[in-house]
Amino acid sequence: MKLTGWLIYNGGMATEKFIDLHNWYVKTAKTLQIELKPIANNQLFSQIENGQFKLEPQLAKPDFILYLDKDIHLANQLERLGMPIFNSAQTIAVCDNKITMHQQLAGAGLPQPLTIFAPMLFAQIKKPKSTFLDHVEQSLSYPLIVKEAYGSFGEQVYLIHNRTELDAIATKLIHRPHLFQEYIQSSYGRDMRLHVVGGQVVASMERVSSHDFRANVTNGAKMFATEPNDRFIELAIAASQAVGADFSGVDLLFDQNNEPIICEVNSNAHIKTIYQATSIDVSQFIFKHILAKLKGHSI
3 MKLTGWLIYN GGMATEKFID LHNWYVKTAK TLQIELKPIA NNQLFSQIEN GQFKLEPQLA
63 KPDFILYLDK DIHLANQLER LGMPIFNSAQ TIAVCDNKIT MHQQLAGAGL PQPLTIFAPM
123 LFAQIKKPKS TFLDHVEQSL SYPLIVKEAY GSFGEQVYLI HNRTELDAIA TKLIHRPHLF
183 QEYIQSSYGR DMRLHVVGGQ VVASMERVSS HDFRANVTNG AKMFATEPND RFIELAIAAS
243 QAVGADFSGV DLLFDQNNEP IICEVNSNAH IKTIYQATSI DVSQFIFKHI LAKLKGHSI
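Numbering (this note's numbering), first residue to last: 3 to 301.
Cβ-Cβ distance ranges computed for the label pairs, FRET-style:
| hint | residue 1 | residue 2 | range |
| --- | --- | --- | --- |
| 1 | SER212 | LEU61 | 40 to 50 Å |
| 2 | GLN126 | GLU236 | 40 to 50 Å |
| 3 | GLN202 | PHE226 | 17 to 27 Å |
| 4 | ASP169 | GLY84 | 42 to 52 Å |
| 5 | LYS29 | GLU261 | 31 to 41 Å |
| 6 | LYS295 | LEU83 | 16 to 26 Å |
| 7 | TYR277 | SER212 | 15 to 25 Å |
| 8 | TYR144 | GLY84 | 46 to 56 Å |
| 9 | ASP169 | GLN54 | 45 to 55 Å |
| 10 | ASN52 | PHE134 | 44 to 54 Å |
| 11 | LYS29 | LYS297 | 17 to 27 Å |
| 12 | GLN202 | PRO59 | 32 to 42 Å |
| 13 | GLN126 | THR33 | 51 to 61 Å |
| 14 | LYS295 | ALA227 | 23 to 33 Å |
For lysine to any residue, the following SDA-like pairs were computed, each having C-alpha atoms within a straight-line distance of at most 20 Å:
| hint | residue 1 | residue 2 |
| --- | --- | --- |
| 15 | LYS72 | GLN106 |
| 16 | LYS4 | LEU61 |
| 17 | LYS128 | THR166 |
These are calculated hints, taken from the structure and not from any lab test.
All C-beta atoms, glycine included, are put in the ideal place defined by N, C-alpha and C.
Using the sequences and the hints given, assemble the complete structure.
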């Protein structure tokens, strides 16, 4: 029996790059007898009517939703209306906020860089307390990393070398959620991306940059297929499970002993770059996992 699905994407990201990605998923779904329909988040209107959840326009419910957006409120609404979503609204929310993500990983006792969360301050406060920045400085030393809680593609991540830079970035971000993090010198411009689907690592690549502390391909890093050892595989799976992901891209750093340490977990990791590096089509694994979950058993 043919199944139907929606692919939810952000209406503000309807660029050629993302349209090609959506078409890729549609094509893969078709090979598995799934009719997948891309729908922008701003084409669906969430509302509460007479105390009940409602969605306009009133379309026929799909068998499942592949949710490639970060519109958490819409995701929650769809789940409340009984539609199975992959990944879940909770998982997307956890991964979208780096502070929440690190707390979730810590709850599972998983290795991460030393991380300090900036306090939330209201608008009348214009500068961070010097005692807090003293603590950051003493705990992390220089250089150190500052990350905004919300950001993608390595953006909103800053390498800080001294107190002047620290004061400036902390003041700039004072009203935005952000964190301060230990700089892993041994992993400068280098990390490993492992795609985890249904509790299995299905594809892995190493990313290396010769000119940037970040190893994002968007920033010019080179990528190549790699065979991670058991420690990297086990940590990637544990990290994905800790955030409740059906599928994820887990970024691991290399500590001074070449052991893995978690950088972050991506609930909507792109599949094109991993395909370019490995010739592995992760979308096949994602849909097969979804089909297995819909049938009530794991992949």
